[in-house]
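Chain by chain, the residues run as shown.
2 protein chains.
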Amino acid sequence: MLGSVAGKRLLDLGCGYGENCRCFSQMGCIRVVGIDISQRMLEIAQAENRAPNIQYMNMPMENVSSIDECFDIVVSSLAMHYVQNYDLLLKDLYALLNPGGILVFSQEHPLTTAPLAGAKWIKGADGKVDHYRLTDYSRTGKRTVSWMVDGVIKYHRTFSELINGLINAGFVISEMEEPVPSAETIQRLPQYMKDLHKPNFLIIKAKKP
Amino acid sequence: MLGSVAGKRLLDLGCGYGENCRCFSQMGCIRVVGIDISQRMLEIAQAENRAPNIQYMNMPMENVSSIDECFDIVVSSLAMHYVQNYDLLLKDLYALLNPGGILVFSQEHPLTTAPLAGAKWIKGADGKVDHYRLTDYSRTGKRTVSWMVDGVIKYHRTFSELINGLINAGFVISEMEEPVPSAETIQRLPQYMKDLHKPNFLIIKAKKP
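Protein sequences appear in the order of chains A and B.
Going by this note's numbering, the first sequence opens with residue 1, and the numbers climb by one from there.
Going by this note's numbering, the second sequence opens with residue 1001, and the numbers climb by one from there.
A couple of the hints might just be wrong.
[Unchecked claim] Below, a list of computed lysine-lysine pairs in the BS3-like style, where the Cα atoms sit at most 30 Å apart:
id, chain 1, residue 1, chain 2, residue 2
1, A, K91, A, K194
2, A, K154, B, K1142
3, B, K1194, A, K123
4, B, K1207, A, K207
5, B, K1207, A, K91
6, B, K1207, A, K120
7, A, K142, A, K207
8, A, K194, B, K1142
9, A, K142, B, K1128
10, A, K123, B, K1142
11, A, K154, A, K91
[Stated by the list, open to error] Short, incomplete list of chain B residues facing chain A, as computed with Cβ under 7 Å:
id, residue
12, L1134
13, T1140
14, Q1187
None of these hints come from the bench; they were simulated from the model.
C-beta: ideal position from N, C-alpha, C; glycine also.
Kindly produce the complete structure, drawing on both the sequences and the hints.
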């Protein structure tokens, strides 16, 4: 979905340990800025995924408007569902992009973030997964879940909110993907069969005209 | 989502008894074409919702390319999920629209069409709805369900398929809605509370640039 990054200026929101930043640098980006809220992760990024054209900056995504340069590509991997003010962030990203620039982000699938009580699979009498317990899809907003630690806060948004937020910020929707394992993978690893009931991830690509 | 229809040429796909066609005519459309696969419904439309600027045509949506005129607006209410070749229909509709024209359609929500065994609510020990039994969201394609009669065939598509189909046909996505009853309605009619777990309808507006 990203296309060629050669010669492009790229911003990575929530870059973590910087593995993607290093890839983008190696793929020909002329400049890569990676931001993350975790200073600890950035120290590892600086140690393990350094390059002359990569700059790591310690800041929350909510502060991107303080970055004083423009980009051709903004990417974000599995971070957008932690942002409280999605609409504002999109406006900031739109301002940071050059005309023709693209935003590509992945996040937890809206069906994963929906249940107020957390994502849950229901098993049948045979002990196998029968279905996904869907609740609260249209009750958008804050979710408090356990992930590694208790009390992680994320935000559930419907497909409409995600799409309309981008359009209202001025973006043109280019592509949407809800990836699932291939039939071959599922045959080899049957535990992934349930992803066909409910995908885990959503990827959206949008363009600044 | 439709905006003003005054002075516009409008095509209604799956017009049924023609109530919407009459509304559009009364709202100032200069021409309304309503098509439906049911000759019986069109006879009632002709009898009850006739107007000099409305023309009813008996044809399946799949044959719209045989219509030899252009439109400013194409609407379709709860019919799109019966169309087998969505991508082809969108290409045909794109060709029928004038530049700047819009397509607005509603359909069953993808979470409603998803389960191969049909939409189903699971109740708790208290007899109240606990959750929606979500399965098969990523298994797109044919669904055979009972609705008034047995063996009704419809087609399940993911959000990605719906969005990408429009984009690939040349449309620009303008807006998406997943309407649910208001808090006031739910207080008055608590049986609609479950719509907050899973909406029933999806509405998409797209524009021909």
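Verification of the hints:
no.	hint	in the structure
1	K91/A x K194/A	36 Å, violated
2	K154/A x K1142/B	35 Å, violated
3	K1194/B x K123/A	22 Å, holds
4	K1207/B x K207/A	16 Å, holds
5	K1207/B x K91/A	22 Å, holds
6	K1207/B x K120/A	38 Å, violated
7	K142/A x K207/A	28 Å, holds
8	K194/A x K1142/B	19 Å, holds
9	K142/A x K1128/B	25 Å, holds
10	K123/A x K1142/B	25 Å, holds
11	K154/A x K91/A	20 Å, holds
12	L1134	4 Å, holds
13	T1140	10 Å, violated
14	Q1187	15 Å, violated
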